[in-house]
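Keeping the supplied structure of chain R fixed, place chain A upon it in accordance with the hints.
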Amino acid sequence: GAVVSQHPSWVICKSGTSVKIECRSLDFQATTMFWYRQFPKQSLMLMATSNEGSKATYEQGVEKDKFLINHASLTLSTLTVTSAHPEDSSFYICSARDPITSYEQYFGPGTRLTVT
Amino acid sequence: AQSVTQLGSHVSVSEGALVLLRCNYSSSVPPYLFWYVQYPNQGLQLLLKYTSAATLVKGINGFEAEFKKSETSFHLTKPSAHMSDAAEYFCAVSDKRDMRFGAGTRLTVKP
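If you read the sequences in order, they're chains R and A. With the numbering used here, letter number 22 in the first sequence gets 22, and the count goes up by one each step, no holes. Positions in the second sequence are counted from 1; adding 1000 to them yields the numbering used here.
The following block holds chain R by itself, in its conformation from the complex (with noise of 0.2 Å):
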């Protein structure tokens, strides 16, 4: 079956720092990802769509100077949380899009991120 990877699984970074979180899709081309967070105990918020080879398309309310988003390869997404702050700490969890159905995504086993 389809499998996403995330790296890293989990991350601790101080306040003010940057971090970048690497989505890959390991067996099949994904010209379309997703990125979610999600906050303890609440649900997936969309937070960006990333398309391969143009910009993301961000949810209203998602800051794009601070989560920025790369497609640059058909297997390959990363998020960058810029100067991060504690109020980012979450799980981030990213998805590619079933090429051939494209209603199904397929997830990531998420990212943990601590800022200190």
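No wet-lab data here; the hints were simulated from the structure. These figures come from a predicted structure and were not determined experimentally. Worth double-checking, as some hints may not be accurate.
Distance ranges between label pairs, derived from CB positions [as the list claims (entries may be wrong)]: (1) A/1005 with R/61: 47 to 53 Å; (2) R/68 with A/1014: 47 to 53 Å; (3) R/68 with A/1097: 21 to 27 Å; (4) R/27 with A/1003: 27 to 33 Å; (5) R/99 with A/1005: 25 to 31 Å; (6) A/1053 with R/55: 33 to 39 Å.
We put the CB at the ideal spot given by N, CA and C, even for glycine.
Structure of chain A alone, referenced to chain R:
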């Protein structure tokens, strides 16, 4: 815009009892519906999906869900709960643009 509503943020059942987790959807186009399970500090695991074929969908771990268009529902059931079923469950609706999740239902299984 599409959306799903999960009724009941927390459901508690006894081991061996019926599990029923409720999900209602809103969609302007024929929906694709999903149920996912999430264990603590882990990603999402797909339980089952409805893709306009059979209205009764069977998934993994003994779960199943029935698509009822007249009720705009896609409730998840399992005849007999197991302790290992304790987790967070999310219903989701997708079109070919994006996927939207319900608020989630935490299932507790009592011995």
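Comparing the hints with the structure gives:
Checking the proposed 47 to 53 Å range against residue 1005 of chain A and residue 61 of chain R shows it is violated: the Cβ atoms sit about 21 Å from each other. About 48 Å separates the C-beta atoms of residue 68 of chain R and residue 1014 of chain A, a value consistent with the hinted range of 47 to 53 Å. In this structure, residue 68 of chain R and residue 1097 of chain A meet the distance hint of 21 to 27 Å, their C-beta atoms being roughly 22 Å apart. At about 32 Å, the beta-carbon gap between residue 27 of chain R and residue 1003 of chain A stays in the expected band of 27 to 33 Å.
Separated by about 30 Å at the C-beta atoms, residue 99 of chain R and residue 1005 of chain A satisfy the suggested range of 25 to 31 Å. For residue 1053 of chain A paired with residue 55 of chain R, a C-beta distance near 36 Å keeps the hint of 33 to 39 Å intact.
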